[in-house]
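Go by the hints and put chain B onto chain A.
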Amino acid sequence: EDKVVQSPLSLVVHEGDTVTLNCSYEVTNFRSLLWYKQEKKAPTFLFMLTSSGIEKKSGRLSSILDKKELFSILNITATQTGDSAIYLCAVGKKYSGAGSYQLTFGKGTKLSVIP
Amino acid sequence: GAGVSQSPRYKVAKRGQDVALRCDPISGHVSLFWYQQALGQGPEFLTYFQNEAQLDKSGLPSDRFFAERPEGSVSTLKIQRTQQEDSAVYLCASSLVWAGGPRETQYFGPGTRLLVL
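First to last, the sequence lines map onto chains A and B.
First residue of the first sequence: 16, per my numbering; consecutive thereafter.
First residue of the second sequence: 4, per my numbering; consecutive thereafter.
So that you can see chain B by itself, here it is in the shape it has in the complex:
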């Protein structure tokens, strides 16, 4: 596809359930990012992959959050034992490279809106 795609677009979970959110980046993009966006706030960084390597996970809020990108393309963000405070939009972005002029521009997917009841 031409852009970043994410699925599901909406997810309702009961507190304590595990969820898995999927991101398909733009083909050929080396860098992949996950962000969390609460209502009325800007996106906040969660984690970064360069190909299959997770180079930065400093933004993951707790050890209930886990992300992987095993083959360097599709990525999954997993949240275990969801809590109400996990309710947010989870955005995925990809770029050709991490840093290097126009090639570092991050292109965002439509997001997954997670609601934990």
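Chain A extracted, bound-state conformation:
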């Protein structure tokens, strides 16, 4: 059975801290790994990773994928209160019949940034 595990499940930090969120996966026919940020509404897309070792960066956020060890990390530097949200990791699969089309999500990491 496909599995995506995120850690920690929740995290409280002070503004200005740097945080690292983890996502490990066991998925047959891996195609891509995605990170989303979810506040009290729709998950919003952050990154899509398909190749190992290539860092994706957007402002204070960055992410990297290790396809050999089957994990990804999401880094947030100089955190702000607006970064408070649930961060979801999801994995997409290559086509191999029914059940291939879905994204399989982890439970998310709830990040709280306090002033």
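These are calculated hints, taken from the structure and not from any lab test.
Misleading hints may appear alongside valid ones.
[What the hints assert, rightly or not] As a list, the in silico DSSO-like pairs of lysine-lysine whose alpha-carbon atoms are at most 30 Å apart:
| id | chain 1 | residue 1 | chain 2 | residue 2 |
| --- | --- | --- | --- | --- |
| 1 | B | 60 | A | 52 |
| 2 | B | 60 | A | 109 |
| 3 | A | 108 | B | 81 |
| 4 | A | 56 | B | 60 |
| 5 | A | 83 | A | 122 |
| 6 | A | 71 | A | 56 |
| 7 | A | 55 | B | 81 |
| 8 | A | 109 | A | 71 |
| 9 | A | 122 | B | 60 |
| 10 | A | 125 | A | 18 |
| 11 | B | 81 | A | 122 |
| 12 | A | 56 | A | 122 |
| 13 | A | 109 | A | 82 |
| 14 | A | 108 | A | 52 |
| 15 | A | 108 | B | 60 |
| 16 | B | 17 | A | 55 |
| 17 | B | 14 | A | 56 |
| 18 | A | 122 | B | 17 |
| 19 | A | 71 | B | 81 |
| 20 | B | 14 | A | 52 |
| 21 | B | 81 | A | 18 |
| 22 | B | 81 | A | 52 |
| 23 | B | 60 | B | 81 |
| 24 | B | 14 | A | 55 |
| 25 | A | 18 | A | 56 |
| 26 | A | 122 | A | 72 |
| 27 | B | 60 | A | 55 |
| 28 | A | 109 | B | 17 |
| 29 | A | 56 | B | 17 |
| 30 | A | 82 | B | 14 |
| 31 | A | 18 | A | 83 |
| 32 | A | 82 | A | 108 |
| 33 | B | 60 | A | 18 |
| 34 | B | 17 | B | 60 |
| 35 | A | 72 | A | 108 |
| 36 | A | 82 | B | 60 |
| 37 | A | 125 | B | 14 |
| 38 | B | 81 | B | 17 |
| 39 | A | 83 | A | 52 |
| 40 | A | 109 | A | 83 |
Because the structure is a prediction, the values reported are computed rather than measured.
Below, chain B without anything else, positioned relative to chain A:
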């Protein structure tokens, strides 16, 4: 509109009632997905459409759940004889294609929060 829209945003139903949830995907997006998100959990896949064709319904939890996308744009998720365990947020997502680099990125709507009493 610029993004995925869903309606209603909130729905309260009595146990046994039928409900219909609507999704308007981003214009031109071929792929449409429905997910169910229980409290404290990540979204779980329900079903997938490519245009009007429902290519995967392996995540639908029972035959009380039915989805359609008759003209390849708007989609409706129907739940018959609702049960308390159906209470969740139902998310719709669309993408340009199912697989193919950045074009496969799924964009989510705000969800419909369903409460079954």
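Status of the hints after comparison with the structure:
| no. | hint | result |
| --- | --- | --- |
| 1 | B/60 to A/52 | holds, 26 Å |
| 2 | B/60 to A/109 | holds, 17 Å |
| 3 | A/108 to B/81 | holds, 27 Å |
| 4 | A/56 to B/60 | holds, 25 Å |
| 5 | A/83 to A/122 | holds, 22 Å |
| 6 | A/71 to A/56 | holds, 24 Å |
| 7 | A/55 to B/81 | holds, 24 Å |
| 8 | A/109 to A/71 | holds, 22 Å |
| 9 | A/122 to B/60 | holds, 22 Å |
| 10 | A/125 to A/18 | holds, 19 Å |
| 11 | B/81 to A/122 | holds, 25 Å |
| 12 | A/56 to A/122 | holds, 16 Å |
| 13 | A/109 to A/82 | holds, 15 Å |
| 14 | A/108 to A/52 | holds, 21 Å |
| 15 | A/108 to B/60 | holds, 16 Å |
| 16 | B/17 to A/55 | holds, 25 Å |
| 17 | B/14 to A/56 | holds, 15 Å |
| 18 | A/122 to B/17 | holds, 28 Å |
| 19 | A/71 to B/81 | violated, 39 Å |
| 20 | B/14 to A/52 | holds, 24 Å |
| 21 | B/81 to A/18 | holds, 28 Å |
| 22 | B/81 to A/52 | holds, 28 Å |
| 23 | B/60 to B/81 | holds, 13 Å |
| 24 | B/14 to A/55 | holds, 17 Å |
| 25 | A/18 to A/56 | holds, 24 Å |
| 26 | A/122 to A/72 | holds, 23 Å |
| 27 | B/60 to A/55 | holds, 27 Å |
| 28 | A/109 to B/17 | violated, 40 Å |
| 29 | A/56 to B/17 | holds, 24 Å |
| 30 | A/82 to B/14 | violated, 41 Å |
| 31 | A/18 to A/83 | holds, 16 Å |
| 32 | A/82 to A/108 | holds, 13 Å |
| 33 | B/60 to A/18 | holds, 19 Å |
| 34 | B/17 to B/60 | holds, 26 Å |
| 35 | A/72 to A/108 | holds, 23 Å |
| 36 | A/82 to B/60 | holds, 29 Å |
| 37 | A/125 to B/14 | holds, 26 Å |
| 38 | B/81 to B/17 | holds, 15 Å |
| 39 | A/83 to A/52 | holds, 25 Å |
| 40 | A/109 to A/83 | holds, 17 Å |
Going down the numbered hints, you'll see the structure goes against 19, 28, 30, while the others check out.
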